[in-house]
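Going down the list, the sequences are from chains G and P. In terms of the working numbering, the first sequence opens at residue 3 and continues consecutively. In terms of the working numbering, the second sequence opens at residue 368 and continues consecutively.
Hints listed in this document are in silico derivations from the structure and should not be mistaken for laboratory results. Every residue, glycine too, gets a C-beta built ideally from N, C-alpha and C. Please note that a few of the clues may not be correct.
Said to hold, decoys possible - On the chain G side, residues computed to face chain P include the following (Cβ under 10 Å):
1. S7
2. A160
3. G178
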Amino acid sequence: MRERSSKLNERLLYLASPIGLLAVWQLLLMLGFGDRRFIPAPSDIAVRFWELTESGELAWHTAVTLWRVLAGFVIGAVPAVAVGLLMAMFRPARIFFDPLIAALMPIPKVALMPLLLLAFGFGDASKIALVAIAVFFPVIVNTYAGAANIDRIYWDVAKNFGASTYVMFTRVVFFGALPLIFAGLKIALAVSFVVLVAAEFVASKTGIGYLIWNSWELLQVDYMFVGIVVIGILGLISAVAFQEIERKVIPWKAP
Amino acid sequence: MGARPFASARRGEAKGRAPNVIGKCLMQQRRGATIAIAGLRKEFGEGRERVLALDGIDLTIAAGEFCCIVGPSGCGKSTLLRILAGLDHATSGAIDVDAKGWPVANAMVFQESGLFPWMNIEKNVGFGLMTRGVAAVEAGKRVDAALRLVGLTRFRHHYPHQLSGGMRQRGAIARAFVTDPGMLLMDEPFAALDAQNRTILQAELVRIWEETGKTVVYITHSIEEALLLGDRTVVMTAQPGRIKEIIDIPFRHPRNVMELSSTAEFGALKLSIWRILEDEVMRARAEIDG
Ligand SMILES: Nc1ncnc2c1ncn2[C@@H]1O[C@H](COP(=O)(O)OP(=O)(O)OP(=O)(O)O)[C@@H](O)[C@H]1O
Ligand SMILES: [Mg+2]
């Protein structure tokens, strides 16, 4: 009982900072700091938010952006985890992939957008590919670090108790690396929103990034903020969802 | 939570030496593996980092023997055990393990439990069965028996971090026993435990060993422990590890661990082994200090 209410308190505290920020923002503008034409108040944004929601436009843009993030995330993360684990288990794999990663990682992924447009065209595929590429690197680096840092005793135990390479891979190395894999996935999720919105600015006629950029070009600052807020909300929801998944999947590390 | 002390649950059955349910499941009328080590040598590293860890080890361990190994820190005890377990290779020399008739040649109990933090106790204990493709029903039965043997049945769904150090160590012992190995390799398994738990686990280990007839190679830094548990005690020299002396331990089985340690004979033997070990410990210390 007590445990439950303290958990509830923690969740409320979690929401306190964004709500507090909005309240301060609204208050400052109502007190006359700032020009509401350029910096709309949360209440103004809320009105626009409602308009766009009613027309169905917002839902459409949001759905498009979410789909691109989700698809790109899965396409990028799954091979990144697999290759990261292989690198930790097999020296040749490590030697093969290491220079590739070192060379490709620092390239700003948004800079690949023109290339991807050439390869995949103007539709969803190019954006999904960009997200996948951006997700791949933080996940592979974290996965490898997680697997390489597994305590030697667990390798010894697995070997002594007859684990095959397959069992080693699926029951030992994967789970041993899981806490760091999750850290990588969290970074990757944030990165994927960043690159996708940037790509949608210029290379799309749909999605939240498009909504933001288009509103800016039309000088509809309040609409622009709706887009920004939606991205913020999506980020918040996905972070909370991730936390819950982490609690379920990594019970041995659960707080 | 109050972990129920390991031994108490079966007191009644154990007294009469009647093989209990668990015993029946694990007990074999076979004799443990035999081990023959000849001219074993192990070097680590190269050039200036070269370390001669083991040199000229000749040791034969009989089937069903409980063999203890003591020696100063860094003399290569763990290395010897790892080589026996197949986790490391000897530089030269021969090892011949005959574990015919046993499903698994050896199982190791590591100094820290080494239970996988991401598996609950049940999964951890069953790990060596899963890897060897033992059918689920059969594996389940054997895991049940092993958990009962070490008194962890109530904690089967707990994760290692939710258990005390002693309970984790019991889990590691169950994991080793459940695979029914011809020899058990134990590397200071109780070193990290408090005195009470250690005494209880020692008694339990002796009982299980007497019932199952497995060969045990048991590393310890405690002479007392070696005398309480073993048939023979191998004393090793400081680095490079050689065998300095092998002492037969005359105490009859079944032993009562608690009573035995208070006899005069026990004290005398302990002192004489300490005399043998003392020089080596001093030598090892002198080397560390430069
Ligand atoms: N992987 C390794 N690489 C290099 N040297 C090693 C390695 N493992 C062990 N050694 C060396 O071999 C020697 C014996 O080590 P070992 O761990 O077997 O000692 P030990 O008798 O088990 O000591 P302790 O009682 O402290 O556990 C030590 O000098 C150690 O430095
Ligand atoms: Mg050691």
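Hints, verified against the model:
1. S7: Cβ of S7(G) sits 23 Å from chain P, so the hint is violated.
2. A160: Check passed: Cβ of A160(G) comes within 8 Å of chain P, closer than 10 Å.
3. G178: holds (7 Å)
In this structure, only the earlier hint numbered 1 is contradicted, and the remaining ones agree with it.
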